[in-house]
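Peer 1: The primary structure of each chain is shown beneath.
Number of protein chains: 2
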Amino acid sequence: MTDDRIGIIGTGIMGAPMALNLVKAGFKVTAFNRTAARAEALASDGVDVAKSIAEVGKMCSVVITIVPDTPDVLEVVEGDGGLASSMKDGSVLVDMSTVAPGATRELAGRLASKGIAMVDAPVSGGSWGAQQGTLNIMAGGEQATFDRCLPIFEAMGKTITLMGPSGMGQTTKLVNQILVAGTASAVAEALVFASAQGADLLKTIEAVSGGAGGSWQLANLGPRMVQGDFAPGFMVKLQQKDLRLIQEVAQEAHLPLAVTSMARQYFTSLEAVGLGGEGTQAIIKAVEKLAHREARQNS
Amino acid sequence: MTDDRIGIIGTGIMGAPMALNLVKAGFKVTAFNRTAARAEALASDGVDVAKSIAEVGKMCSVVITIVPDTPDVLEVVEGDGGLASSMKDGSVLVDMSTVAPGATRELAGRLASKGIAMVDAPVSGGSWGAQQGTLNIMAGGEQATFDRCLPIFEAMGKTITLMGPSGMGQTTKLVNQILVAGTASAVAEALVFASAQGADLLKTIEAVSGGAGGSWQLANLGPRMVQGDFAPGFMVKLQQKDLRLIQEVAQEAHLPLAVTSMARQYFTSLEAVGLGGEGTQAIIKAVEKLAHREARQNS
Numbered sequence: 001m002t003d004d005r006i007g008i009i010g011t012g013i014m015g016a017p018m019a020l021n022l023v024k025a026g027f028k029v030t031a032f033n034r035t036a037a038r039a040e041a042l043a044s045d046g047v048d049v050a051k052s053i054a055e056v057g058k059m060c061s062v063v064i065t066i067v068p069d070t071p072d073v074l075e076v077v078e079g080d081g082g083l084a085s086s087m088k089d090g091s092v093l094v095d096m097s098t099v100a101p102g103a104t105r106e107l108a109g110r111l112a113s114k115g116i117a118m119v120d121a122p123v124s125g126g127s128w129g130a131q132q133g134t135l136n137i138m139a140g141g142e143q144a145t146f147d148r149c150l151p152i153f154e155a156m157g158k159t160i161t162l163m164g165p166s167g168m169g170q171t172t173k174l175v176n177q178i179l180v181a182g183t184a185s186a187v188a189e190a191l192v193f194a195s196a197q198g199a200d201l202l203k204t205i206e207a208v209s210g211g212a213g214g215s216w217q218l219a220n221l222g223p224r225m226v227q228g229d230f231a232p233g234f235m236v237k238l239q240q241k242d243l244r245l246i247q248e249v250a251q252e253a254h255l256p257l258a259v260t261s262m263a264r265q266y267f268t269s270l271e272a273v274g275l276g277g278e279g280t281q282a283i284i285k286a287v288e289k290l291a292h293r294e295a296r297q298n299s
Numbered sequence: 001m002t003d004d005r006i007g008i009i010g011t012g013i014m015g016a017p018m019a020l021n022l023v024k025a026g027f028k029v030t031a032f033n034r035t036a037a038r039a040e041a042l043a044s045d046g047v048d049v050a051k052s053i054a055e056v057g058k059m060c061s062v063v064i065t066i067v068p069d070t071p072d073v074l075e076v077v078e079g080d081g082g083l084a085s086s087m088k089d090g091s092v093l094v095d096m097s098t099v100a101p102g103a104t105r106e107l108a109g110r111l112a113s114k115g116i117a118m119v120d121a122p123v124s125g126g127s128w129g130a131q132q133g134t135l136n137i138m139a140g141g142e143q144a145t146f147d148r149c150l151p152i153f154e155a156m157g158k159t160i161t162l163m164g165p166s167g168m169g170q171t172t173k174l175v176n177q178i179l180v181a182g183t184a185s186a187v188a189e190a191l192v193f194a195s196a197q198g199a200d201l202l203k204t205i206e207a208v209s210g211g212a213g214g215s216w217q218l219a220n221l222g223p224r225m226v227q228g229d230f231a232p233g234f235m236v237k238l239q240q241k242d243l244r245l246i247q248e249v250a251q252e253a254h255l256p257l258a259v260t261s262m263a264r265q266y267f268t269s270l271e272a273v274g275l276g277g278e279g280t281q282a283i284i285k286a287v288e289k290l291a292h293r294e295a296r297q298n299s
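Quick note, the sequences are listed as chains G and X, same order.
If you use the working numbering, the first sequence corresponds to residues 1 to 299, in order.
If you use the working numbering, the second sequence corresponds to residues 1 to 299, in order.
Just so you know, not all the hints are guaranteed correct.
Given that identical chains are not distinguished, each listed pair holds provided it fits within a single copy or across any two copies.
Straight line, CA to CA, 30 Å or less: simulated DSS-like cross-link-like pairs of lysine-lysine [as the list claims (entries may be wrong)]:
{"id": "1", "residue 1": "203", "residue 2": "241"}
{"id": "2", "residue 1": "289", "residue 2": "28"}
{"id": "3", "residue 1": "241", "residue 2": "289"}
{"id": "4", "residue 1": "28", "residue 2": "203"}
{"id": "5", "residue 1": "58", "residue 2": "203"}
{"id": "6", "residue 1": "24", "residue 2": "51"}
{"id": "7", "residue 1": "88", "residue 2": "289"}
{"id": "8", "residue 1": "58", "residue 2": "28"}
{"id": "9", "residue 1": "241", "residue 2": "51"}
{"id": "10", "residue 1": "28", "residue 2": "158"}
{"id": "11", "residue 1": "289", "residue 2": "24"}
{"id": "12", "residue 1": "51", "residue 2": "237"}
{"id": "13", "residue 1": "24", "residue 2": "58"}
{"id": "14", "residue 1": "28", "residue 2": "237"}
{"id": "15", "residue 1": "203", "residue 2": "88"}
None of these hints come from the bench; they were simulated from the model.
Can you make the complete structure from the sequences, with help from the hints?
Peer 2: The structure is reproduced here in structure tokens:
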């Protein structure tokens, strides 16, 4: 598998550390990014930088896309000079972006007719997980294609699961985001409540983390909320995009999701004041705003 | 400390296993329960059974109360023949019930004037945690009183934290319950969404549990939701009582908690059809009902 040259389109907050972990694992990696400087920054660490998407498509037997949204994936794959017209028969497209499950299934169908296999393999764990190579990877596609990609996934992630046919990776990622958004909301409300009662917030997080109220969100984002560290592991605007995808699927299925909707409103309140680029832990600011009080504490 | 005789008032779903763990740790334990049969059932395992609350108060240097609600604690302590009139000067009342932080602080003040120290030490972890001796214990009170009780707590719990002065154990428990209720809601919505998309639910739980969407609620209650196991680790009606306490404190502090309120509505929907005695994982039934679809799956 390390004889394959791996392409990666999109070297942002997620794609860049993922590319570096592929190089560390011994893969030959060729990257392309719309903002060229972000890809070029990886050259000194052994990533080859391509001048175009078509160049990546021609050179690589497996191409990873990790871009913001559904239209971005469609543009990279099916736009002028896109992967669909440059990737070889028998190659594999691995879309690790989070996009609409329905659009993924349709794209996989169109690529299959050109002899290109597709796996949807969105990830969870944020930029921290990408850096540490501990991402959760939720895949959808054929077993054989998944097996072929597994060594690549193992270079970037920890829990790697083939969930079912095309689109089921994306579906599982949306399930994950329902959990993430609702749990983050609960953490923010809990900390604002604790603060209003004069509790030591870091001590509170420590006391409850091991019990029935414990979560990844509490353990990882709770301290950041309290200490006012809003640097993004995962950006508010991307969480909002995922919540939009969730709502699109849920509305089509006539599925009311009350807590998820409320979480979306909190994030909307952050975007209203230009905080879309902060980490999702900034949700505590929306809860604080509603309560006219701060829950920040540096200890 | 094992020379102290420990009293325990309330041998229900939580108190009974806690009493047994005290006996296992070598303590002499005397129990009383309003429904006498529940205390008597523990006699064969080495728990002495008292005929009245006053008898427990007279015999024991440390008395644990673990009863449903604030009025129950006040009745056990300050009612006719209660602990306040039977416990000795220098003894300690450990209230492990979940009750209002304000009422706790006031009770501790009244007991102090009688020479009885009080620690509020509510627990998290449900009956499963009580059985395994892995409860989270969140305490409020004086350091010296806490230190005296620590060997007792260690017989019943894993993470044991003195959070601050009287009432802060209760406050921390309410923080815990905000986390529990919001996270459980997110888990239920995620599973109903996953089911509507045709996902394998147990596989989905496994795939996302290790990542940013992971939580105690997902890992422990998720599979029970999916398999239709609604036996209580923690009952809906007690979660509702805790949510009422949270809302009382929050309203007094003019603190809006949108997601927590929505979680309460889900549990209210369960009580409407007589499901207050089921475990909190039954919240998935409220989400299912709203969506007119089931997410049960036996695999």
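Peer 1: Decide, hint by hint, whether the structure agrees.
Peer 2: Evaluation of the provided hints:
Within a single copy, residue 203 and residue 241 get their C-alpha atoms only as close as 33 Å, which misses the 30 Å cut-off; across copies the closest is 25 Å, which meets it. Within a single copy, residue 289 and residue 28 get their C-alpha atoms no closer than 48 Å, and across copies no closer than 52 Å, so neither meets the 30 Å cut-off. In this homomeric assembly, residue 241 and residue 289 come within 30 Å of each other (Cα to Cα) both inside a single copy, at 22 Å, and across copies, at 27 Å. Taking the shortest alpha-carbon separations for residue 28 and residue 203, neither the intra-copy value of 46 Å nor the inter-copy value of 33 Å comes in at or below 30 Å.
Proximity of residue 58 and residue 203 under a CA criterion of 30 Å is satisfied in neither setting, with 55 Å inside one chain copy and 36 Å between copies. For a Cα distance limit of 30 Å, the shortest separation of residue 24 from residue 51 inside one copy, 23 Å, qualifies, whereas the shortest one across copies, 71 Å, does not. In this assembly of identical chains, the alpha carbons of residue 88 and residue 289 never lie at most 30 Å apart, being 53 Å within a copy and 49 Å across copies at closest. Taking the shortest alpha-carbon separations for residue 58 and residue 28, only the intra-copy value of 14 Å comes in at or below 30 Å, while the best inter-copy value is 78 Å.
Proximity of residue 241 to residue 51 under the C-alpha cut-off of 30 Å is restricted to the intra-copy arrangement: shortest distance 29 Å within a copy versus 63 Å between copies. For the homomeric pair residue 28 and residue 158, the shortest alpha-carbon distance inside one copy (21 Å) is at most 30 Å, but the shortest distance between copies (48 Å) is not. In this assembly of identical chains, the alpha carbons of residue 289 and residue 24 never lie at most 30 Å apart, being 44 Å within a copy and 50 Å across copies at closest. In this homomeric assembly, residue 51 and residue 237 come within 30 Å of each other (Cα to Cα) only inside a single copy, at 28 Å, whereas the closest approach across copies is 63 Å.
Only within a single protomer do residue 24 and residue 58 lie at most 30 Å apart by alpha-carbon distance; the minimum there is 23 Å, versus 70 Å between protomers. When the C-alpha separation of residue 28 and residue 237 is checked against a cutoff of 30 Å, the pair qualifies neither within a copy, at 32 Å, nor between copies, at 58 Å. With identical chains, the CA atoms of residue 203 and residue 88 are never at most 30 Å apart, being 56 Å at best within one copy and 33 Å at best between copies.
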